[in-house]
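Those protein sequence lines, which keep their order, are chains A and B.
The first sequence begins at 1 in this note's numbering and counts up by one.
The second sequence begins at 1 in this note's numbering and counts up by one.
There could be a bad hint or two in this list.
Unchecked claim - Below, a list of computed lysine to aspartate or glutamate pairs in the EDC-like style, where the Cα atoms sit at most 20 angstroms apart: (1) Lys116(B) to Asp64(A); (2) Lys116(B) to Asp85(B); (3) Lys14(B) to Asp77(A); (4) Lys32(B) to Asp77(A).
These are calculated hints, taken from the structure and not from any lab test.
Keep in mind that this is a model prediction, so the values were computed, not measured.
Here is how the chains run, residue by residue.
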Amino acid sequence: MTLDDIKGILGALALTGRGDMEIDIGRAYCADLMSDVLAFSVTNSLLITGLTNAQVVRTAEVADIKAIVFVQNKRPDIQTIAMAEAKNIPLFVTELSMFDTCGRLYERGLRSQMGPTV
Amino acid sequence: MTVNSDGVFFLTGKDFANAGSASSNLKGILEKRGIPAEVIRRASIAAFEAEMNVIIYAVAGMMHYTITPETIKVVLQDMGPGIPDIGLAMQEGYSTAPDYIREMGFGSGMGLPNIKRNADKLTINSVVGEGTTVEFVISLERSGR
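All chains should be built: construct the whole structure from the sequences, respecting the hints.
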């Protein structure tokens with residue numbers, strides 16, 4: 001599943017201008033606890049979260065997360081967006097709830113690292 | 001205590017705007033050295049958790065790093081409240097963080113366990129009322145794990 005696919009499935013808006021929309025996202029993880037993300041996420045995945053502070057982008061950077069989707073139309077501030085731009089981590093915002101965001105992506109085949117693969 | 005190292009980052013307590021920048025810089029240094037991505041990820045996650053602990057709890061601190069062909073060693077020394085019971089602090093889910101830290105996505109009691117999970121060796125020394133030193137070593141070869 002590409003970032004472009006994810007953007008379409010979620011009706012999401014891109015908050016960052018750069019980044020390759022064709023990169024393949026194989027896995028996803030969702031949490032508002034950044035320590036859980038650091039403990040349980042996998043590399044090259046998508047992070048789905050309702051937190052919008054700068055630490056979310058830092059967490060994505062150190063955990064090698066490829067992109068972040070913010071749910072419920074929550075938007076990070078301009079400094080956080082600028083940091084993500086600088087670190088080449090695309091940010092998206094969707095109006096969907098975290099439940100619906102995960103549900104729609106799961107329905108289309110996206111999985112976490114631990115769940116069933118089919 | 002003086003630490004011999006390749007470099008040092010200075011950390012300021014409660015400076016949440018820059019929290020994580022030392023770990024981010026360390027990650028960049030490791031990438032330039034051509035260290036495998038999986039090793040860099042473990043070192044970066046451990047450093048980030050340790051850095052957040054200093055920002056959250058201490059007045060100030062330092063992050064020293066030493067890179068050899070075999071290991072990455074990171075030492076964080078802080079001037080903070082100290083940890084009264086390290087065994088308790090190592091338990092997943094145990095935390096003394098205030099609510100505003102939890103609202104930032106941290107303080108869920110996974111910091112020290114996450115460092116242990118990613119490091120090959122972890123040493124914590126703490127004196128209540130003085131500060132804490134967290135030292136971890138990541139082996140570049142997995143055989144040490």
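Hints and how they fare:
Pair hint Lys116(B) plus Asp64(A) holds up; C-alpha atoms about 19 angstroms apart against a cutoff of 20 angstroms. Between Lys116(B) and Asp85(B) the CA atoms are separated by roughly 16 angstroms; this keeps the pair inside 20 angstroms, and the hint holds. Between Lys14(B) and Asp77(A), the direct Cα distance comes to roughly 19 angstroms. Compliance with the 20 angstroms bound is thereby established for this hinted pair. Simply put, Lys32(B) and Asp77(A) have alpha-carbon atoms about 30 angstroms apart, too far for the 20 angstroms limit, and the pair is violated.
This entry does not satisfy hint 4, going by the numbered hints stated previously; all others are met.
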